[in-house]
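Asks: In order, the protein sequences belong to chains A and B.
Residue numbers for the first sequence follow the working numbering, beginning at 1 and rising by one.
Residue numbers for the second sequence follow the working numbering, beginning at 1 and rising by one.
Note that these hints are calculated values from the structure, not bench results.
Cβ-to-Cβ under 8 Å is the rule here; a few derived chain A residues that face chain B:
#1 R439
#2 G589
#3 I590
#4 P592
#5 R593
#6 N627
#7 S631
Mimicking BS3-like on lysine-lysine, the simulated pairs with C-alpha atoms at most 25 Å apart in a straight line are:
#8 K632/A to K608/A
#9 K68/B to K402/A
#10 K107/B to K626/A
#11 K4/A to K38/B
#12 K382/A to K68/B
#13 K51/B to K632/A
#14 K68/B to K415/A
Facing chain B, according to a computed beta carbon distance under 10 Å, are these residues of chain A, among others:
#15 L596
#16 H623
#17 K632
Remember, it's a predicted structure, so these values are computed and weren't measured experimentally.
Glycine included, each C-beta is placed from N, C-alpha and C at the ideal position.
For reference, the chains in residue letters:
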Amino acid sequence: MGFKEPLETKIRMGLQDVQSTKGRNIALDVICPKHIAKVKQYPGLSRRLREIKAYSIANLDTLLPQAISSLQAAGCKVFYAKTGKEAVDYILSVVKGGTVVKSKTNAGKEVGLVEALEAKGVRVVETDLGDRIVQLADVLPSHSLVPALHVPREKISEIFTREYGYEVTTELDDLIAAARKGTLQEILKADYGLSGANAIAADSGTIFLIENEGNIRAVTNIPRVHIVIAGIEKIVPTPLDALTVVQAASVYGLGQDLGTYVSCISGPSRTADIEYRLVLGMHGPEEVHVVLIDNGRTEAIREGFQELLYCTNCGSCLNFCPVYGAIGENYGYKYLGGRGVAFTSFHASLEKAQKEGLSFCTTCESCRVACPAQINAPEMVKRLRAKAQKENVALETYAEAKRVIDAYGNPYGEKREPWGYEKEQAENVVFMGCVSAFREREAAMAGLELLQKLGVDFSTIDEKCCGGVYEDIGYAANPEFVQSNLDQIRAKGAKRLIVFCPRCTRFFKANKAFVGLEVVNILEFLSTIEIPVHIKDLVTWHDPCHLGRSLGIYDQPRGIIRKANGELVEPLRAYEYGRCCGAGSVVRGIYPRMSLNMARTRVDELAKLGARVILTECPACLHNLKNAKTSKHNVRVYNLTEYLNRLMAGGNGEE
Amino acid sequence: MKIGSYEFPDDLYYDAHHCWARVEGDLVVTGITDFAQKLAGDIVYVEIPSKGRKVEQGAPYASMESGKWVGRLYAPVSGSIVAVNESLEEDTSLVNSSPYGDGWVAKIKPSDLGQLATLMKTGPKLEEFIQSEIARIEKEKTAKK
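The whole structure should be built from the sequences, with the hints applied where relevant.
Replies: Here it is as structure tokens:
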């Protein structure tokens, strides 16, 4: 399959678009701290949202007909579209011509509605300011919430002057006034208003919309015809559930308690003021069309990917996604990020998802933590990678990686040298992992030396790839390797397996073959014993994804550092918000430039804290962060074990 | 001279680690050869050694990495590093696009310039060495398949 070229093009476009990256970083530096602070104020919100969404999707077969009949009872014309084309065709039959004013709609974007309307000669005017700027500037949006972030105000002044026919200065007030006046005139003249829906209450037939600008209110209220297009996953049982959805989207997406406006629309506007006779269409629209689209959603549910539909489209996942941070809108198709690209498999095709970056996800799970519905997109990305093998749309680079690991027992295709700590019998077996063996051997040897100095009874083995990489790229672990590792561990009579690499730790802890053996990460092990050292430097800690978000190992390294009197400074993105170094899921191997770009972002962030030393405990993070560090970063990067070993040797921890 | 599809400028010295050396005043500039960069492929990382670091002829002083390979850089002469190519921190592709020019890695103040005599110049000896390397790599490739 020819995926290599489109994927490399996406990365190149993303990495070289400096203006978008700058704009994106400005927005993320504001949104992320707000998100983190605000989420803390709503401890039960995420759980409630997930319950509502899980219930709604599980009961869609009853909620969908209920919603349709409630919407109809409220006076809406409802059209259920099995495919995107059916949705577009229906809307084209409703819109006879003239002007459509629209607010943001993801479902509309998904089915290519604007393009279809324009092809029919209908004028389509975006009303959201950012979308309008992007539309007039004829550029692609660069962020889901702040789409025109990459367009400088000089450019906006120029396009507004051209559009509105008078001189609009670069002053913010002038730009806003021009946009307000221009857009309002469009709305007043428009024949149709087009919107999406954030949620639809099945029992009352109410459309919920949330916004800050007020354009949605105008678009859904002023034109005579209002058209709503929404995915069937927006349906929830009640208005209270719908309110939870919009609040969660506000809190998580923008760090707001609730968006400025929440509109609840139950059918066309109406009056019965004259002789108490009901007339539809008073101050608001007289016709409301609701187009509910399936477009692959029931297939996603049937195949066990229902979690994809818990999405509220709040964009929070993108704000914390390292890949989105590096290449922005180039990561995904219509819907961005890991969840977006996974969903592409269903609203488009798995082959399309491959072309749009299914292999870009580092499976760091930052999105899961940031998501109000706790959608585990990386887990689904991995399942889709596996599905791609079966459907013959797998990446050739993945197949090649598998061939190399099968042949060599490691992903590097190099010959393994023994660690030199092999014993006949030992209480503990230590497993280092392939990255340690082939890319960060010196750090790994220092870790082993530390264990020896601490008097730990251990043996190394002739390691084979644990199986983690196979799983990350959609294959099952090589059973011969699993057996070989297990047999060697058993032969030593070990009661405990101490694992250095976080990804390997995760594999061994989850794999049934290792049940009965005590599997611990090196940090779990070290946190239980005394280490007679004294840290003098100000240090910071980089949470490896597989260690933190996946295994919950946050306190052990911090405890070890504090016990050694170390002074620790934490970045904003710490603990469950720890920023991914960009190495995971062989992204370092197959997309090294993008991976190193992510690592550079992380080093920049950590180096600003004023610490002399960045500590972590993952060979892949260590390697990537070290590689991304430049001579301008006045900081050093070590594995904690390596650093402790240097202190044990009587040094100050430094080279 | 050209050996196979690889360029080897005549004014440079070459060692068996595929590093080159060029005399520039009282300094020796070094980097990796066209052969090495083509073999490595797209270089994504170059470790920049620290200035002042002492190096020994034939000993590694830094490393570089492509997507598929990690290699060491070996010092062509003993001495101390007085300048490093910091632009490689931002643009590693210079090693691929200009291995003998903008892709240089370090400048060494040699402790004994006479050590250059132990290196190869363009000519039959270098050609024989490079041809044997090409054959060795072909053999490894076949073995991998």
